[in-house]
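**Student:** For the record, the sequence lines run as chains A and B. Residue 1 is where the first sequence starts when you use the numbering used here, and the numbers rise one by one after that. Residue 110 is where the second sequence starts when you use the numbering used here, and the numbers rise one by one after that.
If you are wondering where the hints come from, they were derived from the structure by calculation, not from laboratory data. Given the structure is predicted, the values throughout are model-derived calculations rather than measurements. Where is the CB? At the ideal position from N, CA and C, for every residue including glycine. Treat the hints loosely; a few may be bogus.
To be verified - Cross-link-like lysine to aspartate or glutamate pairs, in silico, EDC-like; alpha carbons within 16 Å at most:
no., chain 1, residue 1, chain 2, residue 2
1, B, 179, B, 139
2, B, 118, A, 41
3, B, 192, B, 171
4, A, 81, A, 14
5, B, 166, A, 92
6, A, 57, A, 41
7, A, 68, A, 14
8, A, 76, A, 55
9, B, 166, A, 95
Claimed, not checked - These stretches of chain A come out as covered by chain B in the derived footprint (C-beta under 8 Å, 3 or more residues):
no., stretch
10, 39-49
11, 62-73
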Amino acid sequence: GQNIDQPTEMTATEGAIVQINCTYQTSGFNGLFWYQQHAGEAPTFLSYNVLDGLEEKGRFSSFLSRSKGYSYLLLKELQMKDSASYLCAVRDNTDKLIFGTGTRLQVFP
Amino acid sequence: DGGITQSPKYLFRKEGQNVTLSCEQNLNHDAMYWYRQDPGQGLRLIYYSQIVNDFQKGDIAEGYSVSREKKESFPLTVTSAQKNPTAFYLCASGPVGEVGTEAFFGQGTRLTVV
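With these hints in hand, go ahead and build the complete structure from the sequences.
**Tutor:** What follows is the structure, encoded as structure tokens:
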């Protein structure tokens, strides 16, 4: 079966750095996506990885290792507005987009 | 403006009634998806479609039906066979086969069955 795992909850302090991990087992691989979702709202796109390595986008970076079936999202200089759920998603070889359960991040002052 | 629109934002229905949720996109995307989200949970795939007049079941298709008569539209019907239909429903659209292009989400429909 297809499986995407993330920690359920994480906490961090304003100004700190946090790393959210994602491991996956899917039928083929056509890219990994990270989305941010605030409570009651639709997810918004953060980052995309299809090749191994690190992709940096301002305060957010995402890393991928295809051989390990592993990705992480790194958030730097945390702000209170970063309190949200972070969803890891994989597009498989049929273009099906599968999501993990999401990681709820709480940032404290 | 290009985008994906779900309507309505909030929907109330009596138990035993079928209800249809609308999803329209003008992004020229081939693929469209329906997800269900329960409180504090991730997104679970109900149905998806990669081309007009064709669709596939996701992980939790029982009690739901869809159609894809036009590229722009992918309505979801929640039938009376769905045992616990109260949830947040999200529609998304995306490309097929294009590397690096993400899926976009509608604003969601919060369905409450009483």
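**Student:** So, for every hint listed, does it hold in this structure?
**Tutor:** Against the structure, the hints come out as follows:
no. : hint           : verdict
1   : B:179 to B:139 : holds, 10 Å
2   : B:118 to A:41  : holds, 11 Å
3   : B:192 to B:171 : holds, 9 Å
4   : A:81 to A:14   : holds, 10 Å
5   : B:166 to A:92  : holds, 15 Å
6   : A:57 to A:41   : violated, 22 Å
7   : A:68 to A:14   : violated, 31 Å
8   : A:76 to A:55   : holds, 14 Å
9   : B:166 to A:95  : holds, 13 Å
10  : 39-49          : holds (count 7)
11  : 62-73          : violated (count 0)
Checked against the numbered hints given earlier, this structure breaks hints 6, 7 and 11; the rest are met.
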